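Line by line, the protein sequences are chains B and E. Be aware that the first sequence starts at 1, since it is given in my numbering, and climbs by one per residue. Be aware that the second sequence starts at 1, since it is given in my numbering, and climbs by one per residue.
Rather than coming from a laboratory, the hints here were simulated on the basis of the structure. As the structure is a computational prediction, the values presented were derived from the model and not from experiment. Don't take each hint at face value.
One copy or any two copies: either way a pair holds, since identical chains are not told apart in the list.
[Claimed, not checked] Pairs of lysine to aspartate or glutamate, DMTMM-like flavour, derived with a Cα cap of 25 Å: (1) K101 with D246; (2) K64 with E110; (3) K101 with E169; (4) K101 with E69; (5) K101 with D261; (6) K101 with D248.
Number of protein chains: 2
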Amino acid sequence: MKTIRDASLMQQDAEAARLRGSRLALVPTMGALHDGHVALLRAARERADLVILSVFVNPTQFGKGEDYERYPRDIDRDSAIARDAGADVLFVPSNEQMYEKGFQSFVTVEKLSAPFEGESRPGHFQGVATVVAKLLNITKPHLAVFGQKDAQQAVVVRRMIRDLNFDVELLIVPTVREADGLAMSSRNAYLSPRERGEAAVLSASLRKAEELIRSGERRVDAVVGAMRGMISLSSSGAIDYIAIADADSLARLEHLQTGQDILVALAVRFGKTRLIDNIQITT
Amino acid sequence: MKTIRDASLMQQDAEAARLRGSRLALVPTMGALHDGHVALLRAARERADLVILSVFVNPTQFGKGEDYERYPRDIDRDSAIARDAGADVLFVPSNEQMYEKGFQSFVTVEKLSAPFEGESRPGHFQGVATVVAKLLNITKPHLAVFGQKDAQQAVVVRRMIRDLNFDVELLIVPTVREADGLAMSSRNAYLSPRERGEAAVLSASLRKAEELIRSGERRVDAVVGAMRGMISLSSSGAIDYIAIADADSLARLEHLQTGQDILVALAVRFGKTRLIDNIQITT
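The whole structure should be built from the sequences, with the hints applied where relevant.
This is how it looks when you write it as structure tokens:
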């Protein structure tokens, strides 16, 4: 595995690989790799000749007062995990490489960035869309691999790729979970042992939602109410949002119909730690 | 010369040409081709194996009440000119191709879009940056060729290419002028014979500015005052702006120093027709 820190060198290498006829895959991450990232890398490995893992804690997608400074960073550990998972190139640019003096160009995906995470984290998806556009141009992949864990991010990136005509296929990989159901996240490391125990209620509440919907519940209020009750009863988590929306348009739903692709998504704070999770269901 | 109307086909062709080792150049235009565009095509022809001319009257870069509807369109004439000038591919997408249902992703170059044209035409450069990003992704050129006539556009596009890491070289071709100095523009066709005669004063005022600066004038007020006097005296044109700015940062200057790269730019309305022109000078 080769480590590249310079964006121009990365771009030259990617172009050379394309010209050799290789199929390139990008797995963009903020590092602090866990088994969820490994699943992305394995999915990329199965589908591409050259797997590029980018590790960049992107400052522009963090809001004020968020965890940019304390976000876990351990490039030696990440590098070892990436190598084991079959990455060919580890791209680790610096902030100065990515945001040169005078940087002022941003990509905005308007409507899809507004609800849910966008409400709680203004500017977040502009930061995401902009850095993904940059990474796509730098690494020139045929395939870009993201996780379903960040469901709204996947929808926003899909729209940007389509609207701006990026010549890349998008692959969304299912969320990887701990034994008790907690979605893997680099932010789980922030949780106290007690919070960690309680956090299992998030995925349990999503399974409860699925169960209710599968058994015929069509009132969104009733489903969300049941989830809210579960989380409040068995944890100290402060609910940021619980939402049921159309999986493509992210339009909030009030009453479900049969045969709809829906997203059930939530964000809950445990102390200073904000966790998100979701499931996608065809009703 | 091949005409392509479909963005996906254009992208496939461009990718195939790159994989064959060809060097691609894009000349993005809104059609109504004149000798200024021919100069862009010739510059591209000298530097590339495959010259792609795009003709697309981009609705998102026109403001309300501007000339989107009446902008001249004559694809048969454009096609003949493009062929004569050596274009290999004429890319003519429809609005529906470029802005599909649900389109909502935009590229914004913040500071450089604000002054001059940006003040008079809010949203103009967002429209330009977005469509150029799309065209770069669709046509995958090694080289993109623009005219110096749209000086601020060139600065905005240069910044976007750098900030978003587009792997493309930018070539800016000098403005082509009529015998009396009027900068070639598709909008010159709107002018009445009387306005057409008067419009020569724009380039004359720029030459006057250059003469003053070359002879040692360092006060921007004095230069702009002389230009304003000339234009008012000998035409019915309504001055939108006359500005002297740093050629890279577009920061407005009050006092010139020796060895500066400056832009002297103006926009003047003749009836409903808005003309722009500029010169770049090293003081």
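Evaluated hints:
1. For the homomeric pair K101 and D246, the shortest alpha-carbon distance between copies (17 Å) is at most 25 Å, but the shortest distance inside one copy (40 Å) is not.
2. Taking the closest pair of Cα atoms, K64 and E110 come within 25 Å of each other both inside a single copy (21 Å) and across two copies (20 Å).
3. In this assembly of identical chains, K101 and E169 lie within 25 Å of each other by CA distance solely across copies; the values are 20 Å between and 32 Å within a copy.
4. Taking CA atoms no more than 25 Å apart as the test, K101 paired with E69 passes inside one copy only; the shortest distance there is 21 Å, against 40 Å between copies.
5. In this assembly of identical chains, the alpha carbons of K101 and D261 lie at most 25 Å apart only when taken from different copies (19 Å versus 44 Å within one copy).
6. When the C-alpha separation of K101 and D248 is checked against a cutoff of 25 Å, the pair qualifies only between copies, where the shortest distance is 13 Å, while the shortest distance within a copy is 37 Å.
When the structure is compared with the earlier hints, no violation turns up for any of them.
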